[in-house]
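Protein sequence lines correspond, in order, to chains Z and E. Quick note: the first sequence uses our numbering, first residue 1052, plus one each step. Quick note: the second sequence uses our numbering, first residue 1052, plus one each step.
Since the hints were derived computationally from the structure, they do not count as laboratory data. Accuracy of the hints is not assured; some may be wrong.
As the list makes no split between identical chains, a pair holds if one copy fits it or if it spans any two.
Claimed, not checked - With a straight-line Cα cutoff of 20 angstroms, these simulated EDC-like cross-link-like pairs (lysine to aspartate or glutamate) come out:
#1 K1194 with D1246
#2 K1117 with E1080
#3 K1183 with E1244
#4 K1183 with D1246
#5 K1088 with D1118
#6 K1180 with D1246
#7 K1250 with D1217
#8 K1183 with E1249
#9 K1183 with D1131
#10 K1180 with E1249
#11 K1194 with E1244
Now for the letters of each chain:
There are 2 protein chains.
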Amino acid sequence: MDAKSEKSGNVAKKKRLRDAEATKLRILEAAKSDFAKNGLGGARVDVIAAKANANKRMIYHYFGSKDGLFQTVVENAYLDIRTAEQKLHLDDLEPRDALERLVRFTWQYYLKNPEFITLVNSENLHRAKHVKKSELIKTASRKFVAMVSGILERGVSSGDFRAGIDPVQLNITIAAIGYYYLTNRFTGSIIFERDLMEKNALNERLEFNIDTIMRLVSA
Amino acid sequence: MDAKSEKSGNVAKKKRLRDAEATKLRILEAAKSDFAKNGLGGARVDVIAAKANANKRMIYHYFGSKDGLFQTVVENAYLDIRTAEQKLHLDDLEPRDALERLVRFTWQYYLKNPEFITLVNSENLHRAKHVKKSELIKTASRKFVAMVSGILERGVSSGDFRAGIDPVQLNITIAAIGYYYLTNRFTGSIIFERDLMEKNALNERLEFNIDTIMRLVSA
DNA sequence: TCAGGAAGTAACTAGATGGTGCATTCAGCG
DNA sequence: CGCTGAATGCACCATCTAGTTACTTCCTGA
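Start from the sequences and build out the full structure, keeping to the hints where you can.
Below is the structure:
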């Protein structure tokens, strides 16, 4: 008797039988998970619909096509990490602290959001055709690069960092040393005969990465 | 009259109407290319057969299944790079030279063999289930890790390198800084608003990578 | 309160897609 | 030089897959 009576007129929208926003979100979550697991080619629209507890028709209603759905998923993935990076407020920290914090954050983010890595891989397999279309991603990226450039400049001024480092190369390197380790954790664990995902191994890698970057920029 | 008469009994086997070895190789080449381009899930058996100028039936005859074909392709890819690395004879070089040569080689290899990167990505998407089965890969990997360990040890003895560096972390880092740049070249070129595949950009990155590794190991 | 648009469903389609059964052809051995 | 097993080709299938059609159910604003 209560479940039925509160189906509308709530203060916050909640448990509506029909909720476009909620359905969209469920689809996006399911899609992110499935695209990450199987790639764009391997993912199945029917599976995504089922996992989202939505009708397949809704996917086409909201996103137009499988490709359109992927585009939105990838766009959100990039916006999420760029947003999280901005929240670090690296400009308020000393250059060395800011840089270390960024290396730590990048590693942790990849670790906690493994779908991000797989989505980026998938997107590159498709020659970035979805990212290319997204102005939002471009704007967010610009801010991100500017942030790292800023840290670098401040560090050079303060005498902490050496001059002449290309911020783009630094950015790529910070991402690379975490990304590669994690994206290739399966083959890596076999080739190096060591469980790369074991807790100590992960901590060691993070420390190694911080060290690598610090040695790279130090004056 | 000559084309027909020389169909057998040649010194070198050549232009046989039926040549199992040649057919197998054509299939493997086509498969490598198609798997690299579309991933395991995205590649099509029919397309591979057509590209190999072979009948689809042959793929199943020789490799059992699409999965079996992929397994062989990945195995060959790993053996190829490990073989090439052994040919560098790094043990004959001074530690610093050996390391620089390895960084250069790794970069060039990825650059000239982009399929390798994509195949590894695909294999990791599938949690390395094919690599796991390959004893050949494991043996070759062991030799490779030993080689880098050797360089590191010699460098420590000679005073060129600092002590205490984990050869596995070093190995991973050398691969990472090249691999990430190249596998994400499409999204990277957009995010950093710079053509990462332009000739100068490539040279700059290689120099940056050598510098990164040298700073990392230097005493 | 009720009309109309938005949200949702299920069944369907046309074209792939991985995989096979079986007949045929060739290489090369004895 | 004929025989046998390996190599090859063709047609076929069962299933899957992205996308669609035609329809019902619910919500909302006037």
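Inset, instruction - At 20 angstroms max between alpha carbons, let me know whether K1194 reaches D1246 within a copy, between copies, both or neither. - result: For K1194 and D1246, the Cα distance is within 20 angstroms only across copies (19 angstroms; inside one copy 36 angstroms).
Legend entry - 20 angstroms Cα threshold - placement of D1246 relative to K1180: The answer is between: 15 angstroms across copies meets 20 angstroms, while 35 angstroms in one copy does not.
Legend entry - Homomeric proximity label, K1180 with E1249: Cα distance no greater than 20 angstroms: This pair counts as between: shortest inter-copy Cα distance 19 angstroms, intra-copy 35 angstroms.
Inset, instruction - If the cutoff is 20 angstroms on CA atoms, where do K1194 and E1244 land: within, between, both or neither? Let me know, please. - result: Cα proximity of K1194 and E1244: across copies only (12 angstroms, versus 40 angstroms in one copy).
Inset, instruction - If the cutoff is 20 angstroms on CA atoms, where do K1183 and D1131 land: within, between, both or neither? Let me know, please. - result: within (17 angstroms within a copy, 34 angstroms between copies)
Inset, instruction - Pop the pair K1117 and E1080 into one bin, within, between, both or neither, using alpha-carbon distances up to 20 angstroms. - result: within (14 angstroms within a copy, 30 angstroms between copies)
Inset, instruction - Up to 20 angstroms between alpha-carbons, please classify K1250 paired with D1217: within, between, both or neither. - result: Answer is between; shortest inter-copy Cα gap is 17 angstroms, intra-copy 33 angstroms.
Legend entry - Status of D1118 relative to K1088 across identical chains (alpha carbons, at most 20 angstroms): both (16 angstroms within a copy, 17 angstroms between copies)
Inset, instruction - With 20 angstroms as the alpha-carbon cut-off, assign the pair K1183 and E1244 to within, between, both or neither. - result: between (39 angstroms within a copy, 11 angstroms between copies)
Legend entry - Copy assignment of K1183 with E1249, given that the CA separation must stay at most 20 angstroms: Only across copies: K1183 and E1249 sit 18 angstroms apart there, 36 angstroms inside one copy, limit 20 angstroms.
Inset, instruction - With 20 angstroms as the alpha-carbon cut-off, assign the pair K1183 and D1246 to within, between, both or neither. - result: This pair counts as between: shortest inter-copy Cα distance 13 angstroms, intra-copy 36 angstroms.
In the structure shown, no violation is registered for any of the earlier numbered hints.
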